[in-house]
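One line per chain: the protein sequences are A and B, in this order. My numbering numbers the first residue of the first sequence as 1 and each following residue consecutively. My numbering numbers the first residue of the second sequence as 1001 and each following residue consecutively.
Fair warning: there could be bad hints in the mix.
Claimed, not checked - Here are the simulated EDC-like pairs of lysine to aspartate or glutamate, each with C-alpha atoms no more than 16 Å apart in a straight line:
no.: 1; chain 1: A; residue 1: Lys269; chain 2: B; residue 2: Glu1214
no.: 2; chain 1: B; residue 1: Lys1130; chain 2: A; residue 2: Asp253
no.: 3; chain 1: B; residue 1: Lys1167; chain 2: B; residue 2: Asp1244
no.: 4; chain 1: A; residue 1: Lys269; chain 2: B; residue 2: Asp1249
It should be emphasised that the hints constitute simulated quantities derived from the structure, not laboratory data.
So the chains spell out like this:
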Amino acid sequence: MKSAMMPQPYRVTARREETADTVTLDLAPLAAPLPPYAPGQFTMVYAFGVGEVPISISGGENGVITHTVRSVGAVTRAVCAARVGDTLGLRGPFGAGWGVPAPFGADLVLVAGGIGLAPLRPVLDHALRERDRYRHVLLLIGARTPGDLLYSSDHAAWARAGADVRVTVDRADRSWTGRVGLVTALFDELWLDPGRTTAYVCGPELMMRFTADALRARGIPEPAIRVSLERNMRCGVGWCGHCQLGPLLLCRDGPVVGYDHAAPLLTVKEL
Amino acid sequence: MAALLTSLDSLVAALRADRRQVIGPTVRDGAIVLAELDSARQLPYGWGVRVAPGGYRLRERADRAAFGHSAGPQSWKAYLHPPRTELWSTRRGESPAEPDEPPPRYAFLGVRPCDLRAIGVLDRVLGQGKYPSVRYAARRAATFIVAVNCTEPGEACFCVSAGGGPKAAAGYDLVLTELIGADTVRYVVEAGSEKGERLLSTLDTYPADAATAEASAAVDAAAGRMGRALPPGDLRALIAEKRDAAHWDDVASRCLSCANCTMVCPTCFCTTVEDTTDLTGEVAGRWQRWDSCFDPDFSYLHGGAVRTSTRSRYRQWLSHKVGTWHDQFGEAGCVGCGRCVAWCPVGIDLTAELAALASEETAS
């Protein structure tokens, strides 16, 4: 039996610079592909000699895995610097995903803060592929500045494919003609059907808390609010103990959990 | 069927003849440590220990008992889940390869019931999850366990209140009970597995007869001599309720965040990984080594650590041991061996801290 700690070689087949510090890589298997992923799952990405980081899967079909990676440390810097033709190691897919598909006729509300759009991308792709399955597909995107918006060239295509895409930034620049403010302010423009809505939320922890509060205030039950949490991960397979958040091992019980589980944990300082 | 041994020489010799590396207690550096034994003569005959919060001293016993001591500074996890292991190595552009070595053929001699439970706890974390560790499982499967029922609980021991007891329950190949006479020691031995039966059948033994009852009585008596006890009640609920208790600050004012408790704990399994490259930069390796939730880097996320205060790190450790371990693995992570009490340099005693938490009024 092969150890869960052994990375599989993947070659970078495409590289797109999303923002000043964020890159999207398409990765194709050089040997056996990893098992199929569910939206919301992650892989452990290994950069030769530097280390390994957990990265949510942002898409990919037929064995290809797409990762959108923000450069914030030594390993993510090395991953972002990978060029087409370079090799990275992947393990996974690990963890509990978003739980799509949602029931027929549901309203989907995707709320993304910054890089948080990356793990939501497979949910959006699924919803647009099966657009007839759902009633409303809402995508609310928040970013610090217009320059921090991910996949911005795709936004118009998503809208054409049937998503209601609304974007806001914390700080505008001279080119920006859209909304300015927090992503939670977008709820003031909307009417949500509490009985039919499933929300998928990913972003900084504070943004997710405020978003969940706004959703709860509109009657959405906590289990229907799904959040993707982040803690230090060293192994991805439940051996290393780093990703504990109270009772949860986030690599195994998460990263996506219902807000009914997350709410009592996120308000405890330094848990 | 129980049998009687008048010495352990033949047992150790038989295990060694079975090409096993016999690991057992021996006296070294002023402590009873675990080490490879060439013969039963290296067992700590006649040595006991005096244990207190933050204290551990050898003492001479009046008899020749080999197992008349409570837990020492090491536990068996050092052999089953070594402090540093190579996961794999690779050359640039090639697929990584795992070290190709057969698991060691260990025989653990003198596994106390608390430590036997701890091995079971590690099995469920590392060997039986969704992604079992192949290396751990291989080491574990290749290990022969000679347990020893406990007739000598120490001042820091509290296995009974931790849900165990001085009698080994399951998971051993052989189990011994030491019968301590004025100047002799005898051992009642029973098999717990087919492997154990086979080995036992090769030894010259005497009928156990009345010694069996004597052994049971000695073990039963030990249950009443625990030096400490966990506070009664549902600790899992207590710890969840007391996340904001003021007492965590009190512990933090004493705790050095040194990680000793996690190193000596027989169930603390946390690890980190280290990446290495050689001087050419063409060969890279990955190592797993023990880590501790007391290290500020343990909870590091980009931007900083989640648990910056000692208060939060001690709370994480204790909450995990007696509380959230249940959520994660279906049981407690504490077996009551008392090591963390003895080896804490400032003598923090988790039984006392839990009692203090239990008595603190919840502010609401």
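Evaluated hints:
A distance of roughly 54 Å separates the Cα atoms of Lys269(A) and Glu1214(B); the hinted pair therefore is violated under the 16 Å criterion. Taking the CA atoms of Lys1130(B) and Asp253(A), the gap is near 11 Å; set against the 16 Å cutoff, the hint holds. For the hint linking Lys1167(B) to Asp1244(B), the alpha-carbon distance of about 38 Å lies beyond 16 Å, and the restraint is violated. For a cut-off of 16 Å, the pair hint linking Lys269(A) to Asp1249(B) stands: about 13 Å separates their Cα positions.
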